[in-house]
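Those protein sequence lines, which keep their order, are chains A, B and C. Numbers given in the numbering used here equal positions in the first sequence, counted from 1, plus 491. Numbers given in the numbering used here equal positions in the second sequence, counted from 1, plus 84. Numbers given in the numbering used here equal positions in the third sequence, counted from 1, plus 287.
These aren't lab readings, by the way, just hints derived from the structure by calculation. Even glycine gets a Cβ: it sits at the ideal position worked out from N, Cα and C. One or more hints might be untrue.
Claimed, not checked - If you want a taste of the chain B side facing chain A, the calculated C-beta under 8 Å gives, among others:
#	residue
1	ARG186
2	PHE197
3	ASP199
4	ALA203
5	LEU204
6	ASN205
7	PRO206
8	HIS221
9	LEU360
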Amino acid sequence: MAAFLVRRLSINVLVFFLITIAIFALVHKTPGDPIAMQIPADQLNSSSAEFIAQKRAELGLDQSLPVQYWHWLTNALQGNLGVSLLNGRPVTEVLGERIGPTVELMGVGLLISLLIAFPLGILAARRRNSWLDYGATVVSLGSVSIPVFFVALIVIYVFTLKFQWFPSSGISDPTNPSLLNTLHHLVLPAVILGFGNSGPFMRYVRSSMITELGADYVRTANAKGAPPTRVVLRHAFRNSLIPVLTVIAANLPQLLAGAVVIEQVFAWPGMGQLAVSAVNQHDYSVIVGFALLIAILVLVSNLLADVLYTVVDPRVRLR
Amino acid sequence: MSDGMLATDRSYAESVNNGPLLRVDGLSVDFHTEDGVVHAVSDVSLNVHAGQIVAVVGESGSGKTVTAMSVLRLLPKSAEVMADAIAFRGTDLQAMSPAELRKVRGGPVGMIFQDPMTALNPVMTVGAQVAEAVLLHQRKPDKKAAWARAVELLRLVGVPDPAQRVKQYPHEFSGGMRQRAMIAMAIANDPDLIIADEPTTALDVTIQAQVLALLKKAQAETGAATILITHDLGVVAELADAVVVMYAGRVVETGGVQELFANPRHPYTKGLLASLPRMDVEVDQLDPIPGNPPNMADPPAGCAFHPRCPLARARCETERPLLRDVGAGRRSACHFSEELA
Amino acid sequence: MTSTTVAAPVGRSPARAAVRRFRKHPAAVVSLVFIGLVVLAAIFARPLSGHDPNAIDLLSARSGPSGAHLLGTDSTGRDVLSRLLFAGRISLGVGIASAAIAVVVGTLLGSIAGLLGGWVDGLVMRLADVFMSFPSLVVIVVVAGILGPSVLTMVIAIGLFQWPVCGRIVRGVTLSLREQEFVLAARATGAGPLWLMRKHIIPAALPPVSVVATLAVAQAIALEATLSFLGLGVQPPAASWGNMLTDAQSLTVIRSEPWLWLSPGIAVALTVLAVNFIGDGLRDAVDPRSAS
Numbered sequence: 492m493a494a495f496l497v498r499r500l501s502i503n504v505l506v507f508f509l510i511t512i513a514i515f516a517l518v519h520k521t522p523g524d525p526i527a528m529q530i531p532a533d534q535l536n537s538s539s540a541e542f543i544a545q546k547r548a549e550l551g552l553d554q555s556l557p558v559q560y561w562h563w564l565t566n567a568l569q570g571n572l573g574v575s576l577l578n579g580r581p582v583t584e585v586l587g588e589r590i591g592p593t594v595e596l597m598g599v600g601l602l603i604s605l606l607i608a609f610p611l612g613i614l615a616a617r618r619r620n621s622w623l624d625y626g627a628t629v630v631s632l633g634s635v636s637i638p639v640f641f642v643a644l645i646v647i648y649v650f651t652l653k654f655q656w657f658p659s660s661g662i663s664d665p666t667n668p669s670l671l672n673t674l675h676h677l678v679l680p681a682v683i684l685g686f687g688n689s690g691p692f693m694r695y696v697r698s699s700m701i702t703e704l705g706a707d708y709v710r711t712a713n714a715k716g717a718p719p720t721r722v723v724l725r726h727a728f729r730n731s732l733i734p735v736l737t738v739i740a741a742n743l744p745q746l747l748a749g750a751v752v753i754e755q756v757f758a759w760p761g762m763g764q765l766a767v768s769a770v771n772q773h774d775y776s777v778i779v780g781f782a783l784l785i786a787i788l789v790l791v792s793n794l795l796a797d798v799l800y801t802v803v804d805p806r807v808r809l810r
Numbered sequence: 085m086s087d088g089m090l091a092t093d094r095s096y097a098e099s100v101n102n103g104p105l106l107r108v109d110g111l112s113v114d115f116h117t118e119d120g121v122v123h124a125v126s127d128v129s130l131n132v133h134a135g136q137i138v139a140v141v142g143e144s145g146s147g148k149t150v151t152a153m154s155v156l157r158l159l160p161k162s163a164e165v166m167a168d169a170i171a172f173r174g175t176d177l178q179a180m181s182p183a184e185l186r187k188v189r190g191g192p193v194g195m196i197f198q199d200p201m202t203a204l205n206p207v208m209t210v211g212a213q214v215a216e217a218v219l220l221h222q223r224k225p226d227k228k229a230a231w232a233r234a235v236e237l238l239r240l241v242g243v244p245d246p247a248q249r250v251k252q253y254p255h256e257f258s259g260g261m262r263q264r265a266m267i268a269m270a271i272a273n274d275p276d277l278i279i280a281d282e283p284t285t286a287l288d289v290t291i292q293a294q295v296l297a298l299l300k301k302a303q304a305e306t307g308a309a310t311i312l313i314t315h316d317l318g319v320v321a322e323l324a325d326a327v328v329v330m331y332a333g334r335v336v337e338t339g340g341v342q343e344l345f346a347n348p349r350h351p352y353t354k355g356l357l358a359s360l361p362r363m364d365v366e367v368d369q370l371d372p373i374p375g376n377p378p379n380m381a382d383p384p385a386g387c388a389f390h391p392r393c394p395l396a397r398a399r400c401e402t403e404r405p406l407l408r409d410v411g412a413g414r415r416s417a418c419h420f421s422e423e424l425a
Numbered sequence: 288m289t290s291t292t293v294a295a296p297v298g299r300s301p302a303r304a305a306v307r308r309f310r311k312h313p314a315a316v317v318s319l320v321f322i323g324l325v326v327l328a329a330i331f332a333r334p335l336s337g338h339d340p341n342a343i344d345l346l347s348a349r350s351g352p353s354g355a356h357l358l359g360t361d362s363t364g365r366d367v368l369s370r371l372l373f374a375g376r377i378s379l380g381v382g383i384a385s386a387a388i389a390v391v392v393g394t395l396l397g398s399i400a401g402l403l404g405g406w407v408d409g410l411v412m413r414l415a416d417v418f419m420s421f422p423s424l425v426v427i428v429v430v431a432g433i434l435g436p437s438v439l440t441m442v443i444a445i446g447l448f449q450w451p452v453c454g455r456i457v458r459g460v461t462l463s464l465r466e467q468e469f470v471l472a473a474r475a476t477g478a479g480p481l482w483l484m485r486k487h488i489i490p491a492a493l494p495p496v497s498v499v500a501t502l503a504v505a506q507a508i509a510l511e512a513t514l515s516f517l518g519l520g521v522q523p524p525a526a527s528w529g530n531m532l533t534d535a536q537s538l539t540v541i542r543s544e545p546w547l548w549l550s551p552g553i554a555v556a557l558t559v560l561a562v563n564f565i566g567d568g569l570r571d572a573v574d575p576r577s578a579s
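When you get a sec, could you build the whole thing from the sequences and use the hints?
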């Protein structure tokens, strides 16, 4: 198992470096001057040309590309990603304060998607070709097909404007940022994110459960006189978790896609909203920082998938 | 735990002692597939008396496993099971509620499956699986007692160092050891009937003998009647009291093991025996039956065996022979059974 | 003696059996009809709507559905129905073009990986893993942010993120073909890889690839809508179902002008749903094991 993890780790780290090269290449394509990125906008004027030239030499930008890349990477990995072109604050700081809300949204969203996917997937697998199975298929296809932003608009129309049950803007009421108030704000975005991701998860659970329910050991459990719930949950479900958990971990970055849209609609102060506004306002240094964060998220998710795989399957587990 | 249950079981068994322990009457199983209905088993009847070992013999696809699975209703939903009776100790299993049936499964009727590689749950320890078999039939569930019994059972079936090995997963067991664990689960609640579906087929030849010996010992100790599903006549000769030969979903011959081996009354049985290596007779070469078992989606008309049968004539192509008495408690489904006598 | 013959249905070609199975999937059949109508509506957008999608009419701005404007008008008085139909062209076009890129790239890389094997295979498959592990929407947001939003960039980016599924299928087909005797014989007589691709790999991979291609179209339409909604896809004044909803980000519009966001939202949702249903039906049709 250790060998497996080391191999996977090295592949992932290699991929991570390739991604950083891609990001670096994109940085070079940016219309903005990389030095200008280091300087707050209000200090950027004609008299700073000399300063830029001096800074250019200082930062080694007159050197070859590989050297520049190495320089950029080591800086980036130490958390030095330059400053935001909009307000001159360090990118690390700007990104840092946005991670919390996004993690909160993604975490609760993931939980909700699993709460939808597991029961529906298991029931659909157990009663194949029943109305329940078809219903679950429609729900899952709907969750993949209906764009998150449209679901969000409908939900806002119904639950915020018509019934006025839930707020649709921000992470909490600035005048009353209590835990209850925060949760109240979280309901709509998290449910929408969870619903949007439940479809693929449900299909994985269903197909994995169908495979396992047809396995010989399930027949053995039945032959022992085990009741259906025990057969399904203790036997089939535990086996179906091996592929499902791996898939879910590897799919964590996909949650971010939904979060980007939802944060935009619900004015949720997370990374996604930051990224979209940075793109619209050409804040390149923030975009690059965001790109690097995605790469890290993907790297961590892949490693998590590998570790989960070795932990849940006793056949791979190190003893 | 099982002692109390055993007592009531025995007294109940005695009260209906006059009948067979298991009576399967007119069993037919259809599978509904995309290309039509497949009659996997047609009109199969068999009786198993207390303590008796009945072998059900046939090539793959003959319906022997489907027959065995029908007893405890372990077939998938796509199977349609119809029978006049599947009576265990006089009670029809078909009429039982799922909850009642679960008391029978793994309780008075234990099952052993063909492939111990896949028949054990890969993510549960062997001990947990054996203990589960015990736990599910305890009056008052007692995990500790179940685990202690699991260790005892594994020792009984010859798993070395059982106290340690209960904590291991199936992949840490060899094939033979896994089948021993399967047997331990089957006998966990002192069954009256063990249904063993090709218990040695998936094992190495050297291990087969050990597992057969264990089955024999387990049967002798528990006194359980056994249905032994196999295609291996060597196994039948070694263990069985009575034999049921199946071909293309139907019973073609039944009888006591000695008479049947000495004097087969169906050309298929005869063919099977001719393809068996024998210690007592020197033969230059074994004679396998020519041809293949029929396609069950489209079986031959008349006698299903006629395309491969040396005795076949015109009548066999149109008229299906019925299973009939051929003397000495023997039954055969061949028009020309007398020619073999 | 051990070989069991499987029932071979007489007189049924696989394609006809597939059509028969597809027709057993009511949602897929309805969806196919629906998509046919959507395509026709997009083609005949002009005569159907009777309005120029970009004609500004400030006097009748933000008016609800009426005889003159069946689905009402937007904030600059443009006819919503007309924009909806013209947007259909873009959405379907982006969907099909992206899926086409994905299929071409996937087929090429998949067959190369399968035919060459070894480290090339390993490299291509790792590449597929990498593409699949990244959330395409987020990456396209970043790329659009740096290179600037454009429809071409978007189509290429969506296609590039969809090739791995197709690539894996084609690779699998190629690997299984490579072992077969007639292929070995063909290679022995000097048949080149292109011949193999045309004669064997593509025909064998076609059924499963048609399924993933259909699903890719659905995914691409949804992605286009989302990107355009975020302002990073199709740029105004060109209409897209996604950018028609961009206006609807204020509570006032959501509350008082629902025709502005309901019709494009429903259009994209139904279209994507229908294409997904078709893909689902196709999957059951070409691979009976996946159905019941």
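Quick rundown of the hints versus the structure:
no.: 1; hint: ARG186; verdict: 4 Å, holds
no.: 2; hint: PHE197; verdict: 6 Å, holds
no.: 3; hint: ASP199; verdict: 6 Å, holds
no.: 4; hint: ALA203; verdict: 5 Å, holds
no.: 5; hint: LEU204; verdict: 6 Å, holds
no.: 6; hint: ASN205; verdict: 4 Å, holds
no.: 7; hint: PRO206; verdict: 6 Å, holds
no.: 8; hint: HIS221; verdict: 6 Å, holds
no.: 9; hint: LEU360; verdict: 29 Å, violated
Violated hints amount to a single one, hint 9; each of the other numbered hints is respected by the structure.
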